[in-house]
Each structure stands twice: as C-alpha cells, then as structure tokens.
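Could you build the full structure based on these sequences and the hints that come with them?
Heads up: the protein sequence lines correspond to chains A and B, in order. Residues in the first sequence are numbered from 1 upward in steps of one, following the numbering used here. Residues in the second sequence are numbered from 1 upward in steps of one, following the numbering used here.
Please keep in mind that the hints were generated in silico from the structure rather than gathered at the bench. Hints may be right or wrong, so weigh each one.
Said to hold, decoys possible - DSSO-like cross-link-like pairs, simulated, lysine-lysine; straight-line CA separation at most 30 Å:
{"id": "1", "chain 1": "B", "residue 1": "K42", "chain 2": "A", "residue 2": "K78"}
{"id": "2", "chain 1": "B", "residue 1": "K1", "chain 2": "A", "residue 2": "K78"}
{"id": "3", "chain 1": "B", "residue 1": "K97", "chain 2": "B", "residue 2": "K42"}
{"id": "4", "chain 1": "A", "residue 1": "K11", "chain 2": "B", "residue 2": "K68"}
{"id": "5", "chain 1": "A", "residue 1": "K15", "chain 2": "A", "residue 2": "K78"}
{"id": "6", "chain 1": "A", "residue 1": "K44", "chain 2": "B", "residue 2": "K1"}
{"id": "7", "chain 1": "A", "residue 1": "K44", "chain 2": "A", "residue 2": "K15"}
{"id": "8", "chain 1": "A", "residue 1": "K78", "chain 2": "A", "residue 2": "K11"}
{"id": "9", "chain 1": "A", "residue 1": "K78", "chain 2": "B", "residue 2": "K97"}
{"id": "10", "chain 1": "A", "residue 1": "K62", "chain 2": "A", "residue 2": "K78"}
{"id": "11", "chain 1": "A", "residue 1": "K62", "chain 2": "B", "residue 2": "K97"}
{"id": "12", "chain 1": "A", "residue 1": "K71", "chain 2": "A", "residue 2": "K11"}
{"id": "13", "chain 1": "A", "residue 1": "K15", "chain 2": "A", "residue 2": "K62"}
{"id": "14", "chain 1": "B", "residue 1": "K1", "chain 2": "B", "residue 2": "K97"}
{"id": "15", "chain 1": "A", "residue 1": "K62", "chain 2": "A", "residue 2": "K11"}
{"id": "16", "chain 1": "A", "residue 1": "K44", "chain 2": "B", "residue 2": "K68"}
{"id": "17", "chain 1": "A", "residue 1": "K44", "chain 2": "A", "residue 2": "K62"}
{"id": "18", "chain 1": "A", "residue 1": "K11", "chain 2": "A", "residue 2": "K83"}
{"id": "19", "chain 1": "B", "residue 1": "K42", "chain 2": "A", "residue 2": "K11"}
{"id": "20", "chain 1": "A", "residue 1": "K44", "chain 2": "A", "residue 2": "K11"}
{"id": "21", "chain 1": "B", "residue 1": "K1", "chain 2": "A", "residue 2": "K83"}
{"id": "22", "chain 1": "A", "residue 1": "K71", "chain 2": "A", "residue 2": "K44"}
{"id": "23", "chain 1": "B", "residue 1": "K42", "chain 2": "A", "residue 2": "K44"}
{"id": "24", "chain 1": "A", "residue 1": "K83", "chain 2": "A", "residue 2": "K44"}
{"id": "25", "chain 1": "A", "residue 1": "K83", "chain 2": "B", "residue 2": "K97"}
{"id": "26", "chain 1": "A", "residue 1": "K62", "chain 2": "A", "residue 2": "K83"}
{"id": "27", "chain 1": "B", "residue 1": "K1", "chain 2": "B", "residue 2": "K68"}
{"id": "28", "chain 1": "A", "residue 1": "K62", "chain 2": "B", "residue 2": "K1"}
{"id": "29", "chain 1": "B", "residue 1": "K97", "chain 2": "B", "residue 2": "K68"}
{"id": "30", "chain 1": "A", "residue 1": "K83", "chain 2": "A", "residue 2": "K15"}
{"id": "31", "chain 1": "B", "residue 1": "K68", "chain 2": "A", "residue 2": "K62"}
{"id": "32", "chain 1": "A", "residue 1": "K11", "chain 2": "B", "residue 2": "K97"}
{"id": "33", "chain 1": "A", "residue 1": "K78", "chain 2": "A", "residue 2": "K44"}
{"id": "34", "chain 1": "A", "residue 1": "K83", "chain 2": "B", "residue 2": "K42"}
{"id": "35", "chain 1": "A", "residue 1": "K44", "chain 2": "B", "residue 2": "K97"}
{"id": "36", "chain 1": "B", "residue 1": "K68", "chain 2": "A", "residue 2": "K71"}
{"id": "37", "chain 1": "B", "residue 1": "K42", "chain 2": "B", "residue 2": "K1"}
{"id": "38", "chain 1": "A", "residue 1": "K15", "chain 2": "B", "residue 2": "K1"}
Source: prediction; values computed, not measured.
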Amino acid sequence: EAGVAQSPRYKIIEKRQSVAFWCNPISGHATLYWYQQILGQGPKLLIQFQNNGVVDDSQLPKDRFSAERLKGVDSTLKIQPAKLEDSAVYLCASSLRLPSAGRLAKNIQYFGAGTRLSVL
Amino acid sequence: KQEVTQIPAALSVPEGENLVLNCSFTDSAIYNLQWFRQDPGKGLTSLLLIQSSQREQTSGRLNASLDKSSGRSTLYIAASQPGDSATYLCAVYNTDKLIFGTGTRLQVFP
Chain A
1 EAGVAQSPRY KIIEKRQSVA FWCNPISGHA TLYWYQQILG QGPKLLIQFQ
51 NNGVVDDSQL PKDRFSAERL KGVDSTLKIQ PAKLEDSAVY LCASSLRLPS
101 AGRLAKNIQY FGAGTRLSVL
Chain B
1 KQEVTQIPAA LSVPEGENLV LNCSFTDSAI YNLQWFRQDP GKGLTSLLLI
51 QSSQREQTSG RLNASLDKSS GRSTLYIAAS QPGDSATYLC AVYNTDKLIF
101 GTGTRLQVFP
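Put into structure tokens, the structure is as follows:
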C-alpha cells in the first residue's frame, strides 16, 4: 500500500514570492491534514479536510495561506506572499475517517515525508 | 486546552544504555497516544500507538506506557544503538486532532 506522497521535498524562495505544495493521501482516506513544523517545535495543525470540505482551519493564516482539496483526494497548500517566518517543514497526513467515528475510533494519522521550505 | 510536554529536550548517551523518554499532557480525556520518530529533514515515522484503554505497547526494543490518570507516557528504549539517534515526538489524540509535544532529541554515540 502506497503511503502519503508529498512534493516537492525541498523549496527555496525569496520573501514575498509564492509557493505551492502538493499532497496525495493514502487511497481511501477521507481525512487530510496539513501541519507546519518550525525547527525545534512539534508539528502544528494548519487545516483539516474531510473529503473536500474544510473541518478546521482555525490556525491557518488566511491572509497568506490557502489550501484546497477539490475532488476529495489530492490537496495543495499555497503561501502567497511568503515571509521569513514561514520557513518550516510542511507535513501532510491522512486518516480513515471511520463512519462510526467516536470515542473508540482510531483515526490514526499517516504522515508524508514533508516539504522543507526555506524563505530567504 | 491540551498541552503536551516532553522531557528531556535533548539527550546524549553512549551506545548500550537503556533510556526513558517522558511525555506529559494536561487533559487526561485523550483517546489515543502515539510516539513518532523523526530523522533530520524527514517526515514522521510511527513507532507505537497506545489506545486509551491500554496501559502499554511493545515493539522490539521499544516499550511505551500510558497512565491517563496522571497524564503521563514514557517511551523506554532498551540497549540503545547509534541508529536510534533521532527526535522522538509524543502526540495525543483529542477526537481526531493530534496534539504534539516539542520532542526529545536523542543522540547515541558509539
């Protein structure tokens, strides 16, 4: 079974430029997550999709970040314009959102290799 | 608001030592707890998942325990090897949200 695919692996841009990241989740996984991991910190959730709908984007800086999952499969995360503080690893994860999701549902998340962004 | 703390932040040990990494969380109403490994510049590799009804999980030289009432989990690494050098992240599941700690950076030298 193929894992979560992300591209590119690395990206270097100058501040005020735009950048986009792509994620292909595990086949059949309805839920997709984007995380930002700044050096020395744990990953922080940016946005969560259930199929092609947004479930939680409360921590997404909406003035510069946007994300979409048009067909409920692949997703793209965009930053425009980038700032120095956006330098981080961007991780994509997916999970099976079981129909009987509740307290006992596992909802285990599987992570991609990440995209390392350097903003100069 | 759930907060996850990991101690120590960094650890450097000689090969062969047995290690204990600590994770604490403020809200005991968690569903699952997961330990990850992260190599420099790489994504996350899942090591162990403990469901809320379980007390521990084992995989090879790794053993993770969970005490929900005290808000603690420990990751025990037996007979450490240089290949174990990485950052270890603890994360708790609140419904489908995963809250991460800041990690313990481990270096095992020959």
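Taking the hints in turn, this is what the structure says about them:
no., hint, result
1, K42/B - K78/A, "20 Å, holds"
2, K1/B - K78/A, "28 Å, holds"
3, K97/B - K42/B, "22 Å, holds"
4, K11/A - K68/B, "40 Å, violated"
5, K15/A - K78/A, "14 Å, holds"
6, K44/A - K1/B, "14 Å, holds"
7, K44/A - K15/A, "22 Å, holds"
8, K78/A - K11/A, "13 Å, holds"
9, K78/A - K97/B, "22 Å, holds"
10, K62/A - K78/A, "10 Å, holds"
11, K62/A - K97/B, "20 Å, holds"
12, K71/A - K11/A, "26 Å, holds"
13, K15/A - K62/A, "17 Å, holds"
14, K1/B - K97/B, "12 Å, holds"
15, K62/A - K11/A, "21 Å, holds"
16, K44/A - K68/B, "23 Å, holds"
17, K44/A - K62/A, "15 Å, holds"
18, K11/A - K83/A, "14 Å, holds"
19, K42/B - K11/A, "14 Å, holds"
20, K44/A - K11/A, "20 Å, holds"
21, K1/B - K83/A, "28 Å, holds"
22, K71/A - K44/A, "25 Å, holds"
23, K42/B - K44/A, "16 Å, holds"
24, K83/A - K44/A, "18 Å, holds"
25, K83/A - K97/B, "27 Å, holds"
26, K62/A - K83/A, "14 Å, holds"
27, K1/B - K68/B, "16 Å, holds"
28, K62/A - K1/B, "22 Å, holds"
29, K97/B - K68/B, "17 Å, holds"
30, K83/A - K15/A, "5 Å, holds"
31, K68/B - K62/A, "36 Å, violated"
32, K11/A - K97/B, "28 Å, holds"
33, K78/A - K44/A, "16 Å, holds"
34, K83/A - K42/B, "22 Å, holds"
35, K44/A - K97/B, "10 Å, holds"
36, K68/B - K71/A, "39 Å, violated"
37, K42/B - K1/B, "28 Å, holds"
38, K15/A - K1/B, "33 Å, violated"
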